[in-house]
Amino acid sequence: MADHLEASVTLPSDPASVSTARNYVLDTLAQWGLPATAELADTVRLIVSELATNAVQHTFGQSPTFTVDLVLDRDERLHIGVTDSHPRFPQRLPAAVQQDNGRGMVIIRWLTAECGGRLRVRPTREGGKTVFIELPWTVPAEQSDAAGRVEPVTAVGQQEP
94 MADHLEASVT LPSDPASVST ARNYVLDTLA QWGLPATAEL ADTVRLIVSE
144 LATNAVQHTF GQSPTFTVDL VLDRDERLHI GVTDSHPRFP QRLPAAVQQD
194 NGRGMVIIRW LTAECGGRLR VRPTREGGKT VFIELPWTVP AEQSDAAGRV
244 EPVTAVGQQE P
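Numbering (my numbering), first residue to last: 94 to 254.
Among the hints, erroneous ones may be present.
[What the hints assert, rightly or not] Cβ-Cβ distance ranges computed for the label pairs, FRET-style:
(1) Arg218 / Glu132: 29 to 39 Å
(2) Asp96 / Gly154: 33 to 43 Å
(3) Glu99 / Ala129: 18 to 28 Å
(4) Asp96 / Gln184: 14 to 24 Å
(5) Thr130 / Gly220: 32 to 42 Å
(6) Asp107 / Gly209: 28 to 38 Å
(7) Glu132 / Asp166: 35 to 45 Å
(8) Ser101 / Gln155: 13 to 23 Å
(9) Ala109 / Glu169: 32 to 42 Å
(10) Phe182 / Gln124: 24 to 34 Å
(11) Gly220 / Ala123: 19 to 29 Å
(12) Asp120 / Asp166: 13 to 23 Å
(13) Ala123 / Asp96: 16 to 26 Å
For the record, the hints were derived by calculation from the structure and aren't laboratory data.
A quick note: this is a predicted structure, and the numbers were derived from the prediction, not measured.
From the three backbone atoms N, C-alpha and C, an ideal C-beta is built for every residue, glycine too.
When you get a sec, could you build the whole thing from the sequences and use the hints?
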């Protein structure tokens with residue numbers, strides 16, 4: 094695989110774009126060698142869903158689009174960035190606050206930390222912000238079966254059905 098891969102998509106700030114962003118990211122990662130059944134794919138699916146939802150819901154119509162950037166460095170680190178043009182940074186809510194929504198960043202922080210990754214938020218030159226996630230790139234190894242066919246491993250010692 095190449096030392097450095099990049100992909101990017103810009104979408105309208107519309108609720109329908111959340112699934113488009115998620116599918117784009119998963120399709121791209123599959124092209125880069127991450128099986129859809131891998132645990133990292135599930136984690137990325139949820140992170141991208143939450144970040145894209147935030148970019149749509151919490152920009153209050155002030156960001157007509159949002160951009161999802163993917164970078165894979167040396168088969169070691171996956172960088173995901175979601176950029177919108179709204180200047181307000183995500184708000185960290187106290188854990189004791191009881192409400193039906195607003196937990197996206199809590200979920201993202203937890204998933205990122207659970208994977209050994211990092212989360213950062215930075216302003217853009219244009220006055221918006223980018224939420225960056227950096228995760229270790231862990232693609233399951235492939236194993237050969239008795240007939241010599243190569244099958245991806247979904248968990249340690251378990252093969253896909």
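What hint numbers does the structure not satisfy?
-> 4, 7, 11
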